[in-house]
Amino acid sequence: MTNTISRRDFLKLGGAATAMLAVGQMLPPMVAKAARETGQINAAGDGFISSMCEMCVWRCGLVAKIKDGRVVKLEGNPEHPHSRGNLCPRGQSGLMNTYDPDRVLTPLIRVGKRGEGLFRKASWEEALDLVASKMMEIKQKYGPEAMVFSSTHNLSQPLFENLLYAFGSPNYGTQRSLCFNAMIVSNLMTYGMEEPARIYDDKLAYILLTGRNLMEAISTSETSDLSHAIDRGAKVVYLDPRFTKTAAKASEWLPIKPGTDLAFHLALLNVIIAENLYNQTFVTNSTVGFDQLAKEVSKYTPDWAAQQTGIPAETISRIAHEFAAAAPHALAHNGWRTSNFINSFHTERAIAILNALVGNWNVTMTDAAGEESGTLGSPTQPPFPRVSALRLDGVPWKYPVVPLKIGVFQEMRDNIVKGDPYQAHGWFISRQNPIMSIPDRAKTLEAFAKMDFIVTIDIILNDTAWFSDVVLPEASYLERYDPLVPIGNRIFIRQPVIEPQGEAKSALWIYKQLGERLGLGDFFQYKDEEDYLRQQLAPLGFSLEEIKAKGFVETAEPAHASEAAEPNWNTPSGKVELYSDTLAKVGFPGVPTWLEPPQPAEGQYYLLTGKVAQSTQFGTQNNQLLHKYSDEPRLWMNAKSASENGLADGDWVEVTSEVGKVHSLLNVTQAIRPDCVYLTPGYGHLSKGLKTAYGIGVSDSALHVTYTDPISGGQALSQTFVSVKKA
Amino acid sequence: MIEIKHKAYLFDATRCIDCRACMVACSVENSIPMDKTRIWVAGVGVKGEFPNLDRATMVYHCMHCEHPDCMSACPVGAYHKRDDGPVIYNPDVCIGCRYCMNACPFGVPHFDYDKGIIAGAFIDKCTFCPQRVDNGLEPACVATCPTDALEYGEREDMIKAAHARIAAHPERYIDHVYGEFENGGTSYLILSHVPFSELGLPAIPEKPVNEVSEKVMEMTIPFAIGWGAVLTAITAGVAIYDKKKESQKPAELDEKVEAPK
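Those protein sequence lines, which keep their order, are chains A and B. Note that this note's numbering numbers the first sequence so that position 703 is 703, with each residue one more than the last. Note that this note's numbering numbers the second sequence so that position 151 is 151, with each residue one more than the last.
Incorrect hints may have been included.
[Unchecked claim] Straight-line C-alpha distance at most 30 Å; calculated DSS-like pairs for lysine-lysine:
no., chain 1, residue 1, chain 2, residue 2
1, B, K47, A, K726
2, A, K550, A, K73
3, B, K5, A, K235
[As the list claims (entries may be wrong)] Using C-beta positions, here's what the derived DEER-type ranges look like:
no., chain 1, residue 1, chain 2, residue 2, range
4, B, Q131, A, N285, 45 to 53 Å
5, B, Q131, A, K527, 54 to 62 Å
6, B, E206, A, E195, 51 to 59 Å
7, B, K36, A, D46, 49 to 57 Å
8, A, G233, B, R98, 44 to 52 Å
9, B, R98, A, E654, 41 to 49 Å
10, A, A556, B, V93, 58 to 66 Å
[Unchecked claim] Taking beta-carbon pairs under 10 Å as the criterion, some of the chain A residues facing chain B (in silico):
no., residue
11, V57
12, L74
13, G85
14, N86
15, Q92
16, S93
17, L214
18, L226
19, S227
20, K245
21, K257
22, T301
23, D303
24, W304
25, Y629
Hints were generated in silico from the structure; no laboratory data involved. C-beta atoms are modelled at their ideal positions from N, C-alpha and C, and glycine is treated no differently.
Based on the sequences and whatever the hints tell you, model everything.
In structure tokens:
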């Protein structure tokens, strides 16, 4: 007999989960037992356990206060360099992700139509067997490449990759092309590294932020660094069409015309080269291609850039002078979610080159301490099978300089719909919500409809899970282990601070179980989560108990070389490449080159999106604490534009793009350019299993048109134009 | 004898990024229901006309006055001012009269109309996290602040630090530490780049408004007790007279009159 559950029944499920929790507390819990042994909690079950946050990808250290087997408070861990004792609002509210009444606490198998939200509860045994058999069926019928795998930047990613590469699929969808492809690829082409580390020392005097809204897109330690730099008197110049909370803190806010950041930066390069403001020693000794660069940027005078950007030529020229004068204690920030226009790769290249020209290397930026580095051990495993099928996302055959592990997610979706160069049939998704994240949501739903089988691993019934055939409940970050992370000469642990609720399991466990059922057990040679971590620690001679007790262990040698060491630019020339032969060889300009971005037609507006401090992407809107302290998401429109359109604050408006239409409440404000409107991303959820978030706001992805930067593969997120009228 | 150090918060509006980590931290630390809060974002927000804009917001909660109006208005002694700064509200004593709400010049105490008069604990406001500060921790809001917009320390030190900050960057601040003298001084001190009224703070005389009323109100309970004692004494006297029994000690009579309160 099938036991169907409706949206209303989820309420009861929530109640059942609470009941289960109460029962769980009566059993001798393993987490509490271990924590008692290491002295973190007392006999009564109260105390403090160190672990790591997962409310965004910054991974702050945390200390969880435990009372009667429940997390009652989270604090920043002062020993962790990313938190330094602080947590942002998302970090503070993390326990409500764990205690979300909408948690999925048992495997679910769909019984209704896709998107109807009717599931029945299943045992792990049944659910895993079903997933494995469906995956094997697809592999046998269509080949392993017909299974698409997607997951984003989390600590268990290496095991996820094991599953996909061992299965033999080339189709790996990260969300990075919706975020920072332009930044990563430009740094690879310039410095031979994905993202140089930024140094905020006491001498830092000048910071140029291009749309990097650090006061709202919070990375706790870096936001703190920026704030303290401002406090010490560093000058901050901030480019953004919106008056964000960062704009409010900046010394100078330039409401630049969208899509023209490139023109601004090309003009800075122009002035710095034309007026000999660059660091000649660094340019001569450590870079290649100065002449090609100088030739190209000679066209881009401040007068020319003023026409493009709307920023006066004198201002551009002055900033170039100020930046060069402050160098090397100056930093042009690369930004983060930067693929806003199809010319964003060149913008990012220009920023990377600006830092190089004035000789900031090893002063305000340096070789990044990669999290993958270090001397941690890992279980032995056989080599992966050779994969001959083309990737659906066009990497590298269409996007030759995009790294394989980054990919072009939106292109993958498009080719799933087209069945080009072959048809995908299954989608394995872990901790990701592509229905909400990929532009043109209607098209993503079309891609889902092409699938014979979809499985999603998450802690709640996110929108993608809502449209899946099987949902596997993951333990939350406060309930599970993940692989260890080295930062500098410290190694940090994420460990369970409470027992997993219901039937929830760690990703390490789920991937291993699936791997074994798929005949890939050799790629998961660990007994359980603790065994995996012990194997990681083995070469260092630390015990798991040591790292559990303190939250980290310290190795003798810093994982990274001191500043005195030779910089390791992993470029073909071994130097910083102002001109890139790699780019030229595949037919792209070798130096940053102006590319005219499209502009909205009469009566249309640039649709901007950008982060708020109270949510992360598409996954935290259902957190009741964040919901409590979030502003209602509304469409921002400049007061002048609103009055021209006869619109008033609080009106319902119809927002229409080439691919979608939504109805939103209007926020009439001065804090945005008159030619732009803005939406907070991540709202307008489709899953009725998200009872806090459902019905709140509208989806930016429903409006976003898919435009891909041909070099970096980044989605041009601000290149969508909309019309707005009274609903 | 141990000298009690008087503690205070220092809030710097130029540092606050309105991220609301303090609000969430407070909510969790103090188990505040999802529809209630002890901290608000106050202030006019974005001001000016595009592109000449500024922003004025502040983290607003109990000012922990040196001469708390809530305390002097309370007829039952539900408030007391700790020697180290916090103004503490005792729900067990509160009768829900809401005099404190009217008295507070900052509009801080909030009445829980959902609970009404039956469930008890009618008023809610910031407590200064005594459960934390008594154990050597900072209040929850201060501890998590990623930009040090909220700081906590000895009141004297905080005042000194505030003035030093103004002196170091006179172009950045209004030359005034709000709360140093307002209302006779508060334990929540505020630095700002915009006029304090734009942060939602009232203009308040330095002399505490309750200086006179406090003295009167302070007398309320002794007066009630004393008057009760007189009445009781008379009643008792009558009883003695009537029943011709031995006289009783006034002190014992005082205790008896506590009951009708």
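Review point. Looking back at the numbered hints, which does the structure fail to meet, lowest number first?
Key: Structure breaks hints 3, 4, 5, 7, 11, 21, 22, 23 and 24.
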